[in-house]
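Make a model of the complete structure from these sequences and hints.
2 protein chains.
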Amino acid sequence: MEVTRQNFKDTLKTVCSAVEEADFLAIDGEFSGISDGPNVSALTNGLDTPEQRYAKLKKHSMDFLLFQFGLCTFKYDQEKSKYIIKPFNFYVFPKPFNRTSPDLKFICQSSSIDFLASQGFDFNKVFCNGIPYLNQDEEVQLREQSEERRNQQANGVGTPSFISPSSKGPAHVPEEHKDFINRVIGKVEALLTNSEKTLDLEPCTGFQRKLIYQTLNWKFSKGLHVETVETEKKERYIQVIKVDDEERKRREQQKREREQEELNDAVGFSRVIHAISKSGKLVVGHNMLLDVMHTIHQFYCPLPEDLQDFKEVTMCVFPRLLDTKLMASTQPFKEMITNTSLAELEKQVKEAPFKSPQVETAEGFHSYDTAQEQLHEAGYDAYITGLCFISMANYLGSFLTPPKAYISAHSKVVEPFFNKLFLMRIIDIPYLNLTGPDLQPKRDHVLFVTFPKEWKTSDLYQLFSAFGNIQVSWLDDTSAFVSLSQTDQVQIAVNTSRYAESYRIQTYAEYIKGKQQDKEKLGQTPKSWGEDGWLKPHYTSASTAATFGYHKGLRKRSISPAEGEQGGDAPITDGWSQYSFPDATGSKKMKLDDKSGHAEAIESKTSEGWLKTGDAPDPAGSSPPPEDEGSPEGNDAEGTVPWQQAPAVHGRKGQKKKKQQKPKGPEPTTSLFEVPEVW
Amino acid sequence: MEVTRQNFKDTLKTVCSAVEEADFLAIDGEFSGISDGPNVSALTNGLDTPEQRYAKLKKHSMDFLLFQFGLCTFKYDQEKSKYIIKPFNFYVFPKPFNRTSPDLKFICQSSSIDFLASQGFDFNKVFCNGIPYLNQDEEVQLREQSEERRNQQANGVGTPSFISPSSKGPAHVPEEHKDFINRVIGKVEALLTNSEKTLDLEPCTGFQRKLIYQTLNWKFSKGLHVETVETEKKERYIQVIKVDDEERKRREQQKREREQEELNDAVGFSRVIHAISKSGKLVVGHNMLLDVMHTIHQFYCPLPEDLQDFKEVTMCVFPRLLDTKLMASTQPFKEMITNTSLAELEKQVKEAPFKSPQVETAEGFHSYDTAQEQLHEAGYDAYITGLCFISMANYLGSFLTPPKAYISAHSKVVEPFFNKLFLMRIIDIPYLNLTGPDLQPKRDHVLFVTFPKEWKTSDLYQLFSAFGNIQVSWLDDTSAFVSLSQTDQVQIAVNTSRYAESYRIQTYAEYIKGKQQDKEKLGQTPKSWGEDGWLKPHYTSASTAATFGYHKGLRKRSISPAEGEQGGDAPITDGWSQYSFPDATGSKKMKLDDKSGHAEAIESKTSEGWLKTGDAPDPAGSSPPPEDEGSPEGNDAEGTVPWQQAPAVHGRKGQKKKKQQKPKGPEPTTSLFEVPEVW
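From first to last, the protein sequence lines are chains A and B. Sequential numbering from 1 applies to the first sequence in full-length UniProt numbering. Sequential numbering from 1 applies to the second sequence in full-length UniProt numbering.
Relax, there's no trap hidden among the hints.
It does not matter which identical chain is meant; a pair holds if it fits inside one copy or across any two.
Calculated cross-link-like contacts (lysine-lysine; reagent style PhoX-like; alpha-carbon spacing at most 25 Å):
#, residue 1, residue 2
1, K187, K347
2, K210, K347
3, K197, K187
Quick caveat, the hints were computed from the structure, so don't treat them as lab data. Predicted model only: the values in this text are computed from it and were never measured.
Laid out in structure tokens, this is it:
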């Protein structure tokens, strides 16, 4: 269903009930661009830390506009054994609510726009009929402004933008407008004596309207209702209506109500996100980090500076997320799915050993045909993302004893994938862990190299030719990470560079330390909405909390206990078992929650077990410390069916092993997670 | 005529011949926004210097996109005594030429977009079918890249983006792609033995294509032509064609030619601007400073830092400009036209004493109906701008002896308005003088005040309550200019503030001095095209000059001598006679042209004469110094008919005098130019 400004109000109820009845939701966003800074490969450096990646995306991607939001609701019909879906395709545009509301600017990237154009994207639907929206701060601001204006009008001061020191007395009318104002007075005097009820003055400038308001307010304090009316073509004129005191009040009351309704309309699309958030349903997306960031940024609040704060806000807005790209890149799917782009994934999960789920489009909704690609329409992308999730989840069910053909979104089988968002192109950190600390791979084999900007990759190969195979991750024109295959050569490389003049080599640890020192020097200054209409980083957790229920102290929503399959969990070799973690002596301290005092020990470190879910079942209790690997979900599962028994997986497993070793070097100290190349 | 990417190539000839045959051209642009920084009132401070205004517009307006360009050509048909017009409406979009060409970003301002949407603007025409363009630097860059690629291909290295240190040997194929590459080799080997001529490989990733190129180049160095083909849906696949040596060469030649043509297509809309520029015709616009800046910025070169350099570039691109807003705001029109917005001006010049010109739309062109407003379509706006110019010019003809009903664009009567662009909302500098130094009004009565950001206008009124009438021009949250009505009170105000803690008062002279010192401290660092696709200020006059004939030493194009009316010029009291100028002792030195050595003595200072044209008739000769008011155009004209004799003007003249005096204060030292309020 296409939803624009035209049918949004009529559709909102349908949307909300679809969300309420759904088993899970799939979402997708289309943006006006990806990066306003470095090119994508610099934006997504292979050795970014999660903090760096978040900071880069926040800095270089948030000024683009999320202008199409796809939502597809999936409800499983037990009787029919099929999913009933309701796909929505929302066109979103920050139409300014009035002339005092923020005039948002956003960036368009011509390649992105051109790409969408080539896919048949309808820009007129966005720009002419996009649904407006307000984030929480804006909504509060506008409601306050409206309140203020009402109070001022009650005091007879006219519209607030026109208040000047002289407004309490008779208006000071500049010479050149005197004729004009006198003509208006004449007309109004005529209105008061003739039988007409309404007088429409001719369109005029804002300054002239100010003079009219002030003059009429002064000269005719009773018996008139004066209002500015805007035509479809944005011309403004003043309407003067002859009223008795009662009607004047009634009209003012009507005007207030109209204003309130307009304000609700202005909150617009944000109400859909509020409904999704409130439902607490599992929200599925494909490579969804940017979608989540944009959604929060546009419809909730400016993104916080700090990654940890972002995780907290995210968990309040979307308490359960699942990223199908991360799922497809994780065992057991990792071995089976060579290309995890949405289009390719969708094709692959149609083939054995996967099964396409039975799906029926609810009545009154547009029925998508996956044979006829409509990729890059957000509603369609959300739809096939949901299909991919179902196929992969059901595939997991085939390993249960007894096997299950249908795995629900609430099943324990899919829980390990909750709240882990795929990190594009980071070599050794596959996901952002929303419910706890992120993986901290050892990067002892990595060097940070600075050099003249004329250098190319081949110069780096040349420089390190003595050290065997290297891997280069460019940072900018004059710096890159160089990963050696042997950690013990790192110090040799650093030493040999000591007297070099044109380049400089540091260990990764030195680099990180320098970064942290720079950061401490700079400090962090909170910013707020600029007068210029750009959304400035401004993280007001308190005010935001009041409106959408986010609260530092009550950060985690409890997730309802998993239904079904409790007896069928199986440990999975997840492919990330060789990670180096911060050592148990505590180089990384547990961050204590400032209110409840319980440790945020959501642990992604696993050896052979499931990716553990981050939500401690008892928020008051203390989670196990990170070195404790024996969490209940991981090892206490029954019906252990090692993935190796699945023939499709088994055959490839051998290949995989080979792949993870560097061709010529000795055993690598860390194994590299394979990140597919397609965005 | 609507021109998009679809019909651009077929239309270009029509456009060029319309420009060539025209008597004058009118232009208009529509942008994706106005200001990405301060709100418009801060962007256009009433006391900006021309340098400041230029710097602000450059900084805060150039990242928007000029996406609709209106051109209307006007050719006078002597026999029919009417103008034949050809209106064009170009949709313009920076579609990236290829993946290595700059991926331009531009800003959209939601209020501007919403406004255009409300006027029925078709965004799909821009984003889906906009004509691409390149500026001079981009064109040069792309031609060089294309050349380089060709050389590399001749050396058998494949496409340049894929060059790696190992590309000279057999491709290193990673384990996971070996199957894929082996399948490709199998298919190609089959092609070489079977009867097929062409092999279309399946779409694959860029990395896979790189491997294919390298492998095929290594394994099958002869007998094959390999090419990447892109589908409409942007999928790329490789086509392998079996060829003998001769056909291979022919195909490569074809490919080169195709590339050249594609490159010419990529220059796209810039060719229209080149044609306009080359024609040297008078180009008329309404409030055209932003149009001119955007046009040069998008289609010629990034705007220079320095205003003087901008003037020089502008005079090369558009040797003759006329701004109808400036014309309408100047004597004798100033007295007759109360609202100089395009829509209002168009209405007013339809009424007496003006006459609507006879106009006929050329065959095959869309005929606009001015009764049915289509305002804010660039082609229509250009059209009515041209009409306004004709009506005003012809009105000037009525004062000649004998009166003339038709005044040509080459007439001396309109020359005083050449190359002076309206400056929005500057109180005392009505125009930017493109052909010489700008007016330098005395601002002795102006104070620069800084204060806490809580202050409002009323606080300033309060603060200066002892000084009579004041005028406040806000700079930002914490500073404003305050103009006093009496210059002798300036020092008193400064003195009284000496011990103030919350605010600070400086004279205008002190403020300007401080600004200059700040600027000197900072210096000026030239920037260039960022890798990130934002156009950086980068002014390479030399390279630019080579391509479009701009040359510092040959800055001014000579304007062909005015035709007709030479005997009928009349001096005009221009309303700006009371300006204070830099004194004759030389506080402002004449800037000498670095080559010819003649002074840039284009003088806007007039007492009762015409606004003088800036072009010295003899570029080798020395123009009169600024204190010489007796220029030939100004005072040596024959048939002097003072404007005061026109009754319509006369009646208002008295009013005007009154208006120019501050209501209560003594004689002002400078008279304020009345700038209309409508943008």
